[in-house]
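Novice: Next come the chains, spelled out residue by residue.
Protein chains: 2
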Amino acid sequence: MVVEVLNTGTELLLGDVLNTHAAWFGKQLLALDLSISRQTTVPDGEAIRSALRESFSRADVILVTGGLGPTTDDLTREITADLLGLELVADAEVRRKIEALVVERGSTMRVRMLRQTMIPRGATVLPNDFGSAPGLYLPGKESPRSPHLFLLPGPPREMQPMFTASVLPLLKKLNGSVPHRECRIYRIVGMGESAVEECVGLGLSERGDLDVGYCARPNEVDLRLIGAPQTLDEVEPKILAAVGNHLFSRTAENLEDWVVTRLREQGRRVATAESCSGGLLAHRLTNVPGASEVFTHGFIVYSNEAKTALLGVPQKMLEDWGAVSEPVARSLAEGALEKSGADFALSLTGIAGPGGGSTEKPLGLLFIGLARRGKPTLCKNHLFPRDRETFKQLATQTALDMLRHELL
Amino acid sequence: MVVEVLNTGTELLLGDVLNTHAAWFGKQLLALDLSISRQTTVPDGEAIRSALRESFSRADVILVTGGLGPTTDDLTREITADLLGLELVADAEVRRKIEALVVERGSTMRVRMLRQTMIPRGATVLPNDFGSAPGLYLPGKESPRSPHLFLLPGPPREMQPMFTASVLPLLKKLNGSVPHRECRIYRIVGMGESAVEECVGLGLSERGDLDVGYCARPNEVDLRLIGAPQTLDEVEPKILAAVGNHLFSRTAENLEDWVVTRLREQGRRVATAESCSGGLLAHRLTNVPGASEVFTHGFIVYSNEAKTALLGVPQKMLEDWGAVSEPVARSLAEGALEKSGADFALSLTGIAGPGGGSTEKPLGLLFIGLARRGKPTLCKNHLFPRDRETFKQLATQTALDMLRHELL
Numbered sequence: 001m002v003v004e005v006l007n008t009g010t011e012l013l014l015g016d017v018l019n020t021h022a023a024w025f026g027k028q029l030l031a032l033d034l035s036i037s038r039q040t041t042v043p044d045g046e047a048i049r050s051a052l053r054e055s056f057s058r059a060d061v062i063l064v065t066g067g068l069g070p071t072t073d074d075l076t077r078e079i080t081a082d083l084l085g086l087e088l089v090a091d092a093e094v095r096r097k098i099e100a101l102v103v104e105r106g107s108t109m110r111v112r113m114l115r116q117t118m119i120p121r122g123a124t125v126l127p128n129d130f131g132s133a134p135g136l137y138l139p140g141k142e143s144p145r146s147p148h149l150f151l152l153p154g155p156p157r158e159m160q161p162m163f164t165a166s167v168l169p170l171l172k173k174l175n176g177s178v179p180h181r182e183c184r185i186y187r188i189v190g191m192g193e194s195a196v197e198e199c200v201g202l203g204l205s206e207r208g209d210l211d212v213g214y215c216a217r218p219n220e221v222d223l224r225l226i227g228a229p230q231t232l233d234e235v236e237p238k239i240l241a242a243v244g245n246h247l248f249s250r251t252a253e254n255l256e257d258w259v260v261t262r263l264r265e266q267g268r269r270v271a272t273a274e275s276c277s278g279g280l281l282a283h284r285l286t287n288v289p290g291a292s293e294v295f296t297h298g299f300i301v302y303s304n305e306a307k308t309a310l311l312g313v314p315q316k317m318l319e320d321w322g323a324v325s326e327p328v329a330r331s332l333a334e335g336a337l338e339k340s341g342a343d344f345a346l347s348l349t350g351i352a353g354p355g356g357g358s359t360e361k362p363l364g365l366l367f368i369g370l371a372r373r374g375k376p377t378l379c380k381n382h383l384f385p386r387d388r389e390t391f392k393q394l395a396t397q398t399a400l401d402m403l404r405h406e407l408l
Numbered sequence: 001m002v003v004e005v006l007n008t009g010t011e012l013l014l015g016d017v018l019n020t021h022a023a024w025f026g027k028q029l030l031a032l033d034l035s036i037s038r039q040t041t042v043p044d045g046e047a048i049r050s051a052l053r054e055s056f057s058r059a060d061v062i063l064v065t066g067g068l069g070p071t072t073d074d075l076t077r078e079i080t081a082d083l084l085g086l087e088l089v090a091d092a093e094v095r096r097k098i099e100a101l102v103v104e105r106g107s108t109m110r111v112r113m114l115r116q117t118m119i120p121r122g123a124t125v126l127p128n129d130f131g132s133a134p135g136l137y138l139p140g141k142e143s144p145r146s147p148h149l150f151l152l153p154g155p156p157r158e159m160q161p162m163f164t165a166s167v168l169p170l171l172k173k174l175n176g177s178v179p180h181r182e183c184r185i186y187r188i189v190g191m192g193e194s195a196v197e198e199c200v201g202l203g204l205s206e207r208g209d210l211d212v213g214y215c216a217r218p219n220e221v222d223l224r225l226i227g228a229p230q231t232l233d234e235v236e237p238k239i240l241a242a243v244g245n246h247l248f249s250r251t252a253e254n255l256e257d258w259v260v261t262r263l264r265e266q267g268r269r270v271a272t273a274e275s276c277s278g279g280l281l282a283h284r285l286t287n288v289p290g291a292s293e294v295f296t297h298g299f300i301v302y303s304n305e306a307k308t309a310l311l312g313v314p315q316k317m318l319e320d321w322g323a324v325s326e327p328v329a330r331s332l333a334e335g336a337l338e339k340s341g342a343d344f345a346l347s348l349t350g351i352a353g354p355g356g357g358s359t360e361k362p363l364g365l366l367f368i369g370l371a372r373r374g375k376p377t378l379c380k381n382h383l384f385p386r387d388r389e390t391f392k393q394l395a396t397q398t399a400l401d402m403l404r405h406e407l408l
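Protein chains in written order, with the working numbering: chain B, 1 to 408; chain D, 1 to 408.
Incorrect hints may appear among the rest.
All copies of an identical chain are treated as equivalent in the list; a pair is satisfied when it fits inside any one copy or across any two copies.
[Stated by the list, open to error] Pairs of lysine-lysine residues, derived as DSS-like cross-links and limited to a Cα-Cα distance of at most 30 Å, are as follows:
no., residue 1, residue 2
1, 316, 27
2, 380, 97
3, 173, 27
4, 316, 97
5, 316, 339
6, 141, 316
7, 27, 361
8, 97, 361
Quick caveat, the hints were computed from the structure, so don't treat them as lab data.
Take the sequences, apply the hints, and build the full model.
Specialist: So this is what it looks like as structure tokens:
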């Protein structure tokens, strides 16, 4: 069943309002083993006519949002009826509902609101529990061919409950008994996108029965497979073997969620000593609800003086080795472990740029220290010559991954 | 000039990743007095072929994102060349750049990365400063008619700088005569969107010669006016009078940029003591290049023990008043001022949720302390009953605004 989404709304194309419809519909449809073949946004007004007509020839189902309101640029109802050659008739029940809503809101019924009571003949009204514009379902036809059309309001707070209550059940019925497919996501850290594909390649993308996709973020890759459960079961062991413990999640969980959850389960705590990452590591940890159980002390030591005063890094060490060095990374981590009484302490010291690089210590150089209670301190160095914010993201992601290995 | 946007990426249709491209392009194009006539999203792979072909007949300019990566589902380059009947040729310069990047990142060149060095004959390479996939510009032709095509990488962190550096200047040239309309943005803090509209209203939106738009973020509003320069000059004084010193920028500068710049100019430093904001304030400050001149010490004191041990908050005060209280906010700020030797210290203590609220101290309660060298400490309380991440954003934005008033 080919599903298309058509959004109308000038505001979605001006940068004021983010179009969240495609992502939201995408998630809902996955549960029915359906996906969106195409999503289109057009401005308010007449532009919907050609987009709708083109979509007619491709789609079995079209989900239309927006243009059902009372103002003159809301034309979805009228244009759809026109394209299908259907008359618009006033619906008494819809009118009663709108009048009741107007009273409830202490407002008065305006003439232009009457447009919302006009329904194309043969359409099913989808009740709107959060606004005045009702949704409409226009069943598909064989000849002349037309797809199933769902006209839905634009505001997500009205559209989403309507979709769940009225559209999903209809789609389920229309979808009948299609072979069941599933979507699985493997979230991977410490391996680049190309490396992941090379490693799990195994002819995955050549198979006709699997959709394979990749989505890359700084030091994180999602490998996404869509296929029949038995096909997925068949390839999964090979994938798991190939990526090994670079795989950290099979849900949309973030690395910080994973780390905080494991620390909680294990009753352990982590502290942070950040120089170049400037608080981002602490920020990521504390985005996770309940982080206070596992994270109590964080130090941002941006200057040498702060490194010495707050975490006891010897001044001589800073002079001899420089702030961006292995001994200082170790000393920062050990200082934070001691001051916090935590079980682990992560330290980051590096050159985020844009300035401050040298031949000996280039831009993007990073040392991560990991002090562990009762075990020797670890230290690794990396080179991430990227823009400042990406550097911070990569640095903290890599630090979290280092801690992850302690929690496996 | 008819501009269309074509996004490829299965992840944009599955609900994992929000498509921010249309909104972002919309904003950029406004500055050229252009707008998007249609935006389309298709999955990775072959689907781009028909969408692109259809767009050819309507658009003068097509902005394509995604599908330029090294993996097998990235086909934008190949399909575009095929549709235009252009041969793909290996580009030595692109290859050198990718090889240099691979070396710089301490990685190895993989065979599949070579695909990214293939360029349709006649295309202009748009350098990618933040990733391996170069962008491509294919100039439009009269006969057979083809529009101007810009092939851009999917990740916003790569695409956006490329657009600004390479695409905007080309679009400006294509657009011909200097746009007769101008876009001005007024960035406002400490005033809600409705309050801004009420305050600057003055019949702005009733004027036929001005496009008025608002874009709201947590405790930040952009008022956007598009019109002829003389019209803008005429209304601007009224706007400036109406918003007073809530206006902090007339560029896209962030509040943290503003604060760090002023601190540098004034040779002053700030320290942070964060409880509920968990490092976000420090993270925002250190996102600004050169922050190390004005920010040296940050404390994340998530537990009571840390508040006492690191910043000397009296244990009795914590028992009597609780951690989320005015005395503790003051004590945190003063402790950070003393430990850091800075000129200002901001503290944040509050209830970010989702748990931890009570009748007396509800979810979203926040105290911000501001200690000032040689002047009495300030403290303000707020109530931001929002989700955890929005709360952190609002809390830090409001704290930065409090410091801003000291720097005016």
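Novice: If a hint holds in the structure, say so; if it does not, say that too.
Specialist: Against the structure, the hints:
no. : hint       : result
1   : 316 to 27  : neither (53 Å within a copy, 51 Å between copies)
2   : 380 to 97  : between (52 Å within a copy, 27 Å between copies)
3   : 173 to 27  : within (18 Å within a copy, 41 Å between copies)
4   : 316 to 97  : neither (61 Å within a copy, 41 Å between copies)
5   : 316 to 339 : both (21 Å within a copy, 21 Å between copies)
6   : 141 to 316 : neither (77 Å within a copy, 67 Å between copies)
7   : 27 to 361  : neither (41 Å within a copy, 37 Å between copies)
8   : 97 to 361  : between (57 Å within a copy, 22 Å between copies)
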